[in-house]
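So in full-length UniProt numbering, spot 460 of the sequence shown is number 460, and the numbers just go up one at a time.
Calculated from the structure, these hints are not laboratory results. Check before you lean on any hint, since a few could be wrong.
Said to hold, decoys possible - The calculated DMTMM-like cross-link candidates involving lysine to aspartate or glutamate, where the alpha carbons are at most 25 Å apart (straight line), are:
| no. | residue 1 | residue 2 |
| --- | --- | --- |
| 1 | 509 | 497 |
| 2 | 284 | 255 |
| 3 | 491 | 464 |
| 4 | 442 | 464 |
| 5 | 457 | 493 |
Computed from a predicted model, the values in this text were never measured in an experiment.
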Amino acid sequence: MDTPTSLHSTPISRLSADILLLIFSANADMFTSLEYDLERAPHPREPSALDSALLASRVCQSWRTLLLESTLIWGRILRVDRLYQLGREGREEVMRRTGSAPLCFTGIVTDSVPFIMDFVRPMLHANWLRIQKFHVKFPDVSRFERSFWDILLRQRRPWNGSTSKPYPCSTSSHPTTLISHSSPTMRHGYDCYTPADISFSLTHADHWLGQLRSLKLMSEFMDADQLFNSIKHMPHLEYLHLNLLSGYVDPLTAEAESIHLPHLVELVLCSLLHIGLTFARSIKPASCCALWYVPWIQEVPTKEDVEATMDILDRYSTMYFSHQPTLLPLKALLILNRPKFFLGIFQADHDPSLPEAVPNFVVSLASNSGWPEGVDSAYFFTPPRRQLRIVDEPHGFSGVLSGVELLQTTWDGLYALIDHTDGQVLRRLRTVRLRSRAPTSKSEFWPVFLGYYGRRKRGGNPIEVMDIGRNPGYNFECLEEAEGLTVRWRKGDVVFEYMCGSGAPWRLKFRE
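All chains should be built: construct the whole structure from the sequences, respecting the hints.
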């Protein structure tokens with residue numbers, strides 16, 4: 001294959017070394033969703049970037065020579081779970097191929113103490129200055145000696161890159177300082193898990209916080225007030241994920257839009273309600289910032305909490321949807337069931353193996369203790385004027401969804417929506433996909449729905465398809481009045497459709 005003949009050559013064999021190197025380098029990027037997403041993806045990509053490089057180096061001598069001379073590629077494909085599977089000789093060979101190149105590690109460490117202590121620890125000691133990224137999940141952290149964690153927690157030398165780790169159990173009552181007193185040029189910070197008997201602080205970290213591009217914390221034992229003040233020193237943040245935070249933030253320091261993060265494009269808040277409200281209210285992100293808002297609501301919220309929540313939804317949703325590409329197809333999942341409100345906006349027909357064009361927008365509010373008088377889950381989407389008047393005008397949250405063409409919801413969620421609107425919400429809505437057996441109150445639902453359908457049809461924006469799901473068990477004959485509406489259902493793997501007004505309403509009579 002090194003000198004292919006015209007009869008047996010293949011297109012890839014004709015590529016220059018520069019093009020081949022570009023291809024090999026692209027395959028060596030572990031930090032895309034194609035390779036490994038430790039937060040969301042349950043499984044890594046197979047084959048891994050490391051496997052791809054190993055296989056490519058065995059194709060022919062020219063490829064092998066090209067790859068062995070490319071130490072940067074080997075430094076970028078160090079997935080620890082695959083290194084463990086290669087055995088000692090295989091790991092040592094891969095590390096030799098990295099030369100003096102920067103190192104990037106990812107993966108999930110196996111539940112093997114010898115692997116940790118005999119390979120990972122000495123590797124970190126020997127190569128600390130070369131590590132650019134270290135995004136690794138560990139098993140039961142209490143099984144490893146404190147000396148191992150001191151490498152990560154108290155490293156004195158500069159460190160270029162990012163870190164992702166759980167923190168170990170400790171008998172000390174003092175918070176562990178994250179990479180204390182060092183001066184890394186860190187770009188990405190992750191804390192995947194923190195045991196109950198340890199906390200950490202960002203003391204002495206002001207001199208490197210400003211370099212962070214992403215920060216993902218999952219620790220209910222970190223001081224929320226200190227974190228709030230530390231974020232003020234992170235103007236380059238692009239991704240901020242705050243999970244499990246508890247504590248208290250001084251309201252005197254939490255002025256509205258007082259934290260300027262002009263590059264922030266994704267804000268994830270999954271903590272106590274008042275903490276999420278404080279951070280969301282105080283942060284002024286990029287105008288296209290996506291919000292993932294799933295607060296803990298442990299008791300009945302106050303009217304002030306509801307007002308603050310609606311203000312946040314208004315501000316973030318208006319920014320997000322006004323800056324999305326008009327040609328980007330969106331799908332909405334809306335659940336309006338007491339006591340839960342859920343709205344998720346995702347890319348329609350998105351291949352989960354590919355990176356998303358834009359972050360998703362998700363709001364989930366579930367109060368098992370209920371809501372203030374006059375407020376139910378539908379209120380957050382479009383508050384009816386006859387209920388509690390918190391704002392002067394109906395909530396603008398619904399207006400920014402005008403480009404949504406597909407709505408997936410429950411029958412009761414659809415009833416709550418159409419009972420509170422005049423047919424102009426979701427102006428481009430064409431398909432309704434229902435995911436429950438039947439409306440709770442059938443006698444009330446059908447007149448309301450038929451009136452809603454008629455208003456939209458007269459207004460020139462009719463609903464075209466109602467997908468009633470798999471194996472429907474209810475009589476839908478009354479939909480015959482909705483002329484032009486296509487009803488779609490499934491029995492097993494077979495899809496059926498009926499155009500309402502076609503004169504065969506018995507096709508919509510299913511066994512109850």
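These are the hints, each one checked on the structure:
1. 509 <-> 497: Given that 25 Å is the threshold and the Cα spacing comes to 13 Å, the pair holds.
2. 284 <-> 255: 11 Å, holds
3. 491 <-> 464: Holds, at about 21 Å.
4. 442 <-> 464: The hint holds at about 22 Å.
5. 457 <-> 493: Violated, at about 31 Å.
When each numbered hint is compared with the structure, a violation occurs for hint 5 only.
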